[in-house]
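For reference, the chains in residue letters:
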Amino acid sequence: MQATSEREEGVGKAKAKQKVALSSPSEGASGLTGMWRIKKPLMDQGKCNKCLICWLYCPEAAITRDKENRVSINYEFCKGCGICGEVCPSKAIVIVKEV
Amino acid sequence: MRSARAEIVAAYPITPQTQIIEKLAEFIAKGEMRARYIRVESEHSAMAACISAEACGARSFTATSSHGLLYMSELIFWAGMGRFPVTMAVVNRALAPPWSIWNEHTDILTQRDAGWVIMMCENAQEAYDTAVQAFKIAEDERVTQPVMYGLDAFTLSHTAENVDPLDQRDVDGFLPPLDPSKLAVYMDTDHPITFGNLLGPDMMMEFRHKVMEGMSAATGVIEEVARDYANVSGRPQTGLLEDYRCNDAEVAVVSIGASSGDAKDAVDQLRDEGVRAGMVKLRVIRPFPAERLREKLGTIKAVAVVDRDYSYGFGGILAGDTMATLKRGVARYIAGLGGRDISVADFRGMMMDSLKASEEGNEPPEVWWNLKEVP
Chain A
183 MQATSEREEG VGKAKAKQKV ALSSPSEGAS GLTGMWRIKK PLMDQGKCNK CLICWLYCPE
243 AAITRDKENR VSINYEFCKG CGICGEVCPS KAIVIVKEV
Chain B
7 MRSARAEIVA AYPITPQTQI IEKLAEFIAK GEMRARYIRV ESEHSAMAAC ISAEACGARS
67 FTATSSHGLL YMSELIFWAG MGRFPVTMAV VNRALAPPWS IWNEHTDILT QRDAGWVIMM
127 CENAQEAYDT AVQAFKIAED ERVTQPVMYG LDAFTLSHTA ENVDPLDQRD VDGFLPPLDP
187 SKLAVYMDTD HPITFGNLLG PDMMMEFRHK VMEGMSAATG VIEEVARDYA NVSGRPQTGL
247 LEDYRCNDAE VAVVSIGASS GDAKDAVDQL RDEGVRAGMV KLRVIRPFPA ERLREKLGTI
307 KAVAVVDRDY SYGFGGILAG DTMATLKRGV ARYIAGLGGR DISVADFRGM MMDSLKASEE
367 GNEPPEVWWN LKEVP
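Heads up: the sequence lines are chains A and B, in that order.
Going by my numbering, the first residue of the first sequence is number 183, and it counts up by one from there.
Going by my numbering, the first residue of the second sequence is number 7, and it counts up by one from there.
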């Protein structure tokens with residue numbers, strides 16, 4: 183589709199061509215939101231059963247998984263909402279006060 | 007809308023707009039118009055639906071009036087600043103209190119800073135012609151801004167008039183299907199984008215400036231589209247404004263909407279009596295046709311602006327724009343608020359009043375025309 187190819191150019195290359203402010207979804211599009219955090223999730227890899235529920239529920243996609251489904255928390259973007267700690271069935275994530 | 011092949015109609019009923027959307031619902035239900043009618047719970051949602059549909063490449067239309075327009079107001083800015091080529095009919099009606107269903111132009115003029123092209127129609131034929139042209143203007147790559155057009159309550163919305171619609175093939179040639187590649191925002195799931203995200207002070211002005219450029223470009227595009235449409239329809243079209251016998255005029259009235267027809271009759275009568283009268287009908291209010299207005303009115307001694315609206319604490323809205331454009335005072339008449347008739351005799355009276363003030367060397371007055379004592 184012609185529209186798609188022009189859009190790709192518009193978004194990717196020439197920002198000046200944009201008629202309105204648009205962005206492509208990307209990591210850290212809103213800056214280092216981890217700065218907002220007052221509580222912090224801590225993960226105990228020993229208790230984790232790799233169910234990926236925390237990875238699924240994290241509203242900021244700040245939990246990443248590797249090829250072995252080992253999850254880790256990206257503290258640069260984690261806002262400390264605590265949802266991962268709530269949903270973890272094996273209590274592998276605890277939320278501790280940070281500031 | 008049927009002629010223009012609108013694909014989405016999303017609207018909420020309000021007097022006196024109801025007949026427009028009822029007729030469209032009927033066309034769609036009978037299969038005479040290939041479009042989806044989205045029933046919404048408010049005007050706010052109606053505009054949200056139109057914006058979303060445009061973002062998916064569908065030509066979209068809504069209609070509202072008065073309180074509905076103001077309820078929609080937040081989304082009107084989303085459409086204007088987001089540059090979605092929605093079009094909308096606004097049946098002009100006074101805002102309460104006191105409750106009123108009758109004509110006044112204050113409703114549409116409250117939206118004049120929202121990045122929408124704003125047009126006004128004089129009669130049913132012009133309403134049809136403008137409805138078709140509105141999409142052409144809005145979707146033009148140089149513009150990419152939404153268009154709303156005003157129709158006077160009851161005078162236009164409920165008065166039966168003959169309308170000569172274009173042959174469908176002619177409309178299709180004039181107004182091809184919406185080309186998504188020309189949209190400012192086009193949602194494509196294969197290439198996701200975020201629209202409406204946070205933008206800091208570093209770039210905000212630059213995108214506002216683009217809206218300004220789109221609106222400025224509309225000035226030329228509106229005239230171009232009117233010329234093209236005149237060729238297709240065989241009917242002369244008013245571009246930005248209509249000059250009625252202004253050429254050698256000593257007094258001219260500035261008017262918008264349906265009562266412009268009465269203003270023309272008043273001009274004819276005064277001319278017959280030896281007064282060199284003229285009229286300018288503004289078809290477009292945003293972008294304000296400043297250059298054309300200066301051309302027409304620059305040398306005319308007495309200018310009378312008739313406002314069927316008011317900016318409380320300032321004055322008539324069109325008079326303010328006209329004075330800023332001409333860089334001089336004009337006589338300002340506030341008339342017809344809440345649906346009071348502005349007759350041919352009223353237009354004659356206002357023109358003669360402004361001419362008298364000018365001949366006597368007085369400051370042009372502001373007059374609330376035909377004001378009565380409140381008991």
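The hints are simulated quantities; they were obtained by calculation from the structure and are not laboratory data.
Just so it is clear, the structure is predicted and the values come from calculations on it, not from any experiment.
Where a beta carbon is used, it is the ideal one built from N, C-alpha and C, also for glycine.
Take these hints with a grain of salt, some might be off.
What the hints assert, rightly or not - From chain B, some residues computed to sit far from chain A (all C-beta separations above 12 Å):
no. : residue
1   : Lys188
2   : Val191
3   : Thr200
4   : Gly206
5   : Glu212
6   : Pro371
Unchecked claim - Keeping only pairs whose Cα atoms sit at most 25 Å apart, straight-line, the calculated SDA-like set for lysine to any residue is:
no. : chain 1 : residue 1 : chain 2 : residue 2
7   : A       : Lys201    : B       : His164
8   : B       : Lys333    : B       : Asp278
9   : A       : Lys201    : B       : Asn368
10  : A       : Lys261    : B       : Lys333
11  : A       : Lys201    : B       : Ile107
12  : A       : Lys199    : B       : Gly206
13  : A       : Lys201    : B       : Lys307
14  : A       : Lys201    : B       : Gly63
15  : A       : Lys201    : B       : Lys362
16  : B       : Lys216    : B       : Ala236
17  : A       : Lys201    : B       : Asp185
18  : B       : Lys188    : B       : Phe83
19  : A       : Lys201    : B       : Lys333
20  : A       : Lys199    : B       : Ala223
21  : A       : Lys261    : B       : Asp278
22  : B       : Lys307    : B       : Gly344
23  : B       : Lys362    : B       : Val281
24  : A       : Lys199    : A       : Thr215
25  : A       : Lys279    : A       : Lys249
26  : A       : Lys261    : B       : Asn368
27  : A       : Lys199    : B       : Lys362
28  : A       : Lys201    : B       : Asp194
29  : A       : Lys199    : B       : Lys307
30  : A       : Lys199    : B       : Val281
31  : A       : Lys199    : B       : Ile14
32  : A       : Lys199    : B       : Met193
33  : A       : Lys199    : B       : Arg175
34  : A       : Lys201    : B       : Val281
35  : B       : Lys216    : A       : Ser205
36  : B       : Lys188    : B       : Asp170
Outcome of the hint check:
With a minimum CB-CB distance of about 9 Å to chain A, Lys188(B) fails to clear the 12 Å threshold, and the non-interface call is violated. With a least beta-carbon separation of about 6 Å from chain A, Val191(B) fails to lie farther than 12 Å from that chain, contradicting its non-interface assignment. Here Thr200(B) does not stay apart from chain A, with its beta-carbon only about 5 Å from theirs, under the 12 Å limit. Taking the minimum C-beta to C-beta distance to chain A, about 9 Å, the non-interface status of Gly206(B) is violated against the 12 Å cut.
Against the 12 Å criterion, Glu212(B) falls within the reach of chain A, whose nearest CB is about 9 Å from its own CB. Listed as outside the interface, Pro371(B) is consistent with that label: its C-beta sits roughly 45 Å from the nearest C-beta of chain A, beyond the 12 Å cut-off. Proposed proximity of Lys201(A) and His164(B) is contradicted: the alpha carbons are some 39 Å apart, above 25 Å. With a CA separation close to 31 Å, the supplied pair Lys333(B) and Asp278(B) exceeds the 25 Å bound.
Simply put, Lys201(A) and Asn368(B) have alpha-carbon atoms about 49 Å apart, too far for the 25 Å limit, and the pair is violated. A threshold of 25 Å between alpha carbons decides the hint, and for Lys261(A) with Lys333(B) the separation of about 56 Å lies outside it, so the pair is violated. The suggested pairing of Lys201(A) with Ile107(B) is violated, with an alpha-carbon distance near 39 Å, which exceeds 25 Å. As the CA atoms of Lys199(A) and Gly206(B) are separated by approximately 19 Å, the hinted pair is consistent with the 25 Å bound.
For a cut-off of 25 Å, the pair hint linking Lys201(A) to Lys307(B) is broken: about 43 Å separates their Cα positions. Pair hint Lys201(A) plus Gly63(B) holds up; C-alpha atoms about 16 Å apart against a cutoff of 25 Å. Taken as a hint, the Lys201(A) and Lys362(B) pair is broken in the structure, with Cα atoms around 50 Å apart against an allowance of 25 Å. As the CA atoms of Lys216(B) and Ala236(B) are separated by approximately 30 Å, the hinted pair breaks the 25 Å bound.
Only pairs whose Cα atoms come within 25 Å are accepted, and Lys201(A) paired with Asp185(B) is accepted, the gap being roughly 15 Å. With a C-alpha separation of about 20 Å, the suggested pairing of Lys188(B) with Phe83(B) holds against the 25 Å cut-off. For a cut-off of 25 Å, the pair hint linking Lys201(A) to Lys333(B) is broken: about 33 Å separates their Cα positions. Between the alpha carbons of Lys199(A) and Ala223(B) the distance comes to roughly 16 Å, so the proposed pair stays at or under 25 Å and holds.
Distance check on the hinted pair: Lys261(A) and Asp278(B) sit about 78 Å apart at the alpha-carbon level, beyond 25 Å; violated. Taking the CA atoms of Lys307(B) and Gly344(B), the gap is about 31 Å. The hint is violated against a cut of 25 Å. Taken as a hint, the Lys362(B) and Val281(B) pair is honoured in the structure, with Cα atoms around 12 Å apart against an allowance of 25 Å. Restraint check for Lys199(A) and Thr215(A): not satisfied, since their Cα atoms lie roughly 29 Å apart, outside the 25 Å limit.
A threshold of 25 Å between alpha carbons decides the hint, and for Lys279(A) with Lys249(A) the separation of about 31 Å lies outside it, so the pair is violated. The hinted pair formed by Lys261(A) and Asn368(B) fails the criterion: a straight-line CA distance of about 68 Å is larger than 25 Å. Distance check on the hinted pair: Lys199(A) and Lys362(B) sit about 54 Å apart at the alpha-carbon level, beyond 25 Å; violated. Between Lys201(A) and Asp194(B) the alpha-carbon distance is near 17 Å, which keeps this suggested pair within the 25 Å criterion.
Proposed proximity of Lys199(A) and Lys307(B) is contradicted: the alpha carbons are some 47 Å apart, above 25 Å. Restraint check: the Cα-Cα separation between Lys199(A) and Val281(B) comes to about 54 Å, which exceeds 25 Å; the hinted pair is violated. For the suggested pair Lys199(A) and Ile14(B), the alpha carbons sit about 28 Å apart, so the restraint of at most 25 Å is broken. Proximity of Lys199(A) to Met193(B) is assessed by CA-CA distance (about 17 Å); at most 25 Å being required, the pair is judged to hold.
Proposed proximity of Lys199(A) and Arg175(B) is contradicted: the alpha carbons are some 34 Å apart, above 25 Å. With a C-alpha separation of about 50 Å, the suggested pairing of Lys201(A) with Val281(B) is violated against the 25 Å cut-off. Distance restraint check for Lys216(B) and Ser205(A): the Cα-Cα separation of roughly 17 Å lies within the 25 Å cut-off, and the hinted pair is therefore satisfied. Between Lys188(B) and Asp170(B), the direct Cα distance comes to roughly 31 Å. Violation of the 25 Å bound is thereby established for this hinted pair.
Checked against the numbered hints listed earlier, the structure breaks hints 1, 2, 3, 4, 5, 7, 8, 9, 10, 11, 13, 15, 16, 19, 21, 22, 24, 25, 26, 27, 29, 30, 31, 33, 34 and 36; every other hint is satisfied.
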